[in-house]
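A.B. asks: As a plain string of letters, each chain reads:
Protein chains: 2
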Amino acid sequence: MLSVEHLQELFLKYLKKELFDQSPIELYEPVNYILQLGGKRLRPVLLLMGANLFSEDIDHALPAALSIEIFHNFSLVHDDIMDEAPLRRGQPTVHIKYGQNAGILSGDVMLILTYQYLNQLKDPSKLPAILKIFNQLAVEVCEGQQYDMNFETQDSVEIAAYLKMIELKTSVLIAGGLKMGALIGGADEEDANELYEFGRNIGIAFQLQDDILDTFGDPEKFGKKVGGDIAQNKKTFLLLSSMEQAKGKDRVDLMAALSENTDPAQKIKTVTSIYRKLKVQEQATELMEDYLQKAFVHLDRVKVESTRKILLKNLANQLMMREI
Amino acid sequence: MLSVEHLQELFLKYLKKELFDQSPIELYEPVNYILQLGGKRLRPVLLLMGANLFSEDIDHALPAALSIEIFHNFSLVHDDIMDEAPLRRGQPTVHIKYGQNAGILSGDVMLILTYQYLNQLKDPSKLPAILKIFNQLAVEVCEGQQYDMNFETQDSVEIAAYLKMIELKTSVLIAGGLKMGALIGGADEEDANELYEFGRNIGIAFQLQDDILDTFGDPEKFGKKVGGDIAQNKKTFLLLSSMEQAKGKDRVDLMAALSENTDPAQKIKTVTSIYRKLKVQEQATELMEDYLQKAFVHLDRVKVESTRKILLKNLANQLMMREI
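Protein chains in written order, with our numbering: chain A, -16 to 307; chain B, -16 to 307.
Among the hints, a few may not be true.
Identical chains share a label here; the pair holds if one copy fits it or two copies do between them.
What the hints assert, rightly or not - List time: in silico DMTMM-like cross-link candidates among lysine to aspartate or glutamate, alpha-carbon distance up to 20 Å: (1) K0 to D42; (2) K260 to E227; (3) K105 to D40; (4) K147 to E9; (5) K277 to E180; (6) K23 to E306; (7) K147 to D4; (8) K115 to E1; (9) K218 to E141.
Since the hints were derived computationally from the structure, they do not count as laboratory data. Source: prediction; values computed, not measured.
Here chain A stands alone, though its shape is the one from the complex:
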């Protein structure tokens, strides 16, 4: 079993070799730019770990791993246009650096390139199954982004709808990547599905924790200012739960704080104190732990020696601790 660091290194070496030097340069330069902005390359590494559970030869899973990474970056490029985001990983977003049209068209070609890499399977008889998984997750990521945009203008959002949105927008890519890796590595359908469920549950748990950390995290440890979600009225699990549960004066105060735009610091203070009173952090943590536990149940069911699963378990735990 190869370590996370080893897999990251293998992946980065492969990525570097595969960078695009075709013409027209205006189309491919933004692709190389976003692919080299960094990041932990978790999605491709997870795919490779899925393959490595079942096979020692993971080189032939590298094209699919790159496919997942290109897809992820395609979605960042287009989402950043839709969200009018100026920065990505501390650097200018593609549409800011190269213009909106370059952002749209380079994103498009990236989406097509993902399919070129999927078509490099060592065993092409697996292509229909792999393509089916990938198409499904890709459609779902778009659906998740649409729900996320819809929520911005909706007065209220049901918790169930929110959980579905984060599943579509972030979890299915992790889940589908793990399943693809497993199948490429030689897993049977059953094990591949268990890994899918492992990834799906980990993804939701991770996102719930993201909501918690944005308000209650240690800014020194997580490198992020607290309260950003509150300042932006972002409909997180914490806010949606509070909106469901707040009564009387809490409700009045919460609604007043949400409609106020003058002093973010005061707003963060007010909303956080309502969160504390309603114990929504504890509720979110409990739910997150449910998902986490479910994830590990699915991983346990995968029919390989438990020693082979340790690295994947450790990675999941490190992810949740934000130690990677």
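Here the structure of chain A is known, so what remains is to put chain B in place on it, guided by the hints.
C.D. replies: The following block gives chain B in isolation, referenced to the frame of chain A:
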């Protein structure tokens, strides 16, 4: 062999059955809108004709035909955003009707849906070959759009670069669709390649004729005002050839007309008279006929009875006569 009308009807029936009723509606409604805006459905019909050359059962080519049509419409949706086009087939473009974000995201999901339909081959062992053809044409269409955008801001464009651009932007979709249809219908690699070359050459000929008709066409017959390309300084074959060939006073007059924005009618008159003097219409016609002739040579080489090819020949001729 099924007639063009019969194939159009079959395709439209299939398209209607396949329209998208999934959630979120904000994502799928624009997809249904653009797919139902009409058009002659030439690209899917050509794919079906490619299949029909080799097989009587063309029903199983319908998903690939829809794939090509969805891809074409995806490219229209995103190109219309990039070109800031308000109308498409006389109706509001997707980004005008539903907003830019809907245009980007619905376009993205359309591109993914094309791959879902490609993954419905009756014989999945053909998937790697079909996917390879499709990925190549899809990448090339993006490259063509990028070159087209580049040309807008370039002072001069070589004729060869222009021909390459129109090949990428419009021909490869027709060519690749025909090749995919042929392979689905059971053609061997050689015949499939001949059909690709047939489509590629027809596509370039068609586009060259488009350039000619925009300036010299009969507006009553072609339902388009003449001179639109000239009014917009569009770098067509006619303009690029003139820029290459004009000397002395012609050159001065041409450059003056191009930099003038006050009176489009006068500009169209001046530039058209330079075109006539330099005989660029004749040059374009000659080149177009070369491509057309090449196209038919490739079609002739396809190893099926010549009676089977009559419908395809007729369609190509009708297309060139703008009778369809």
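A.B. asks: Which earlier hints can't be squared with this structure?
C.D. replies: Of the numbered hints, all hold.
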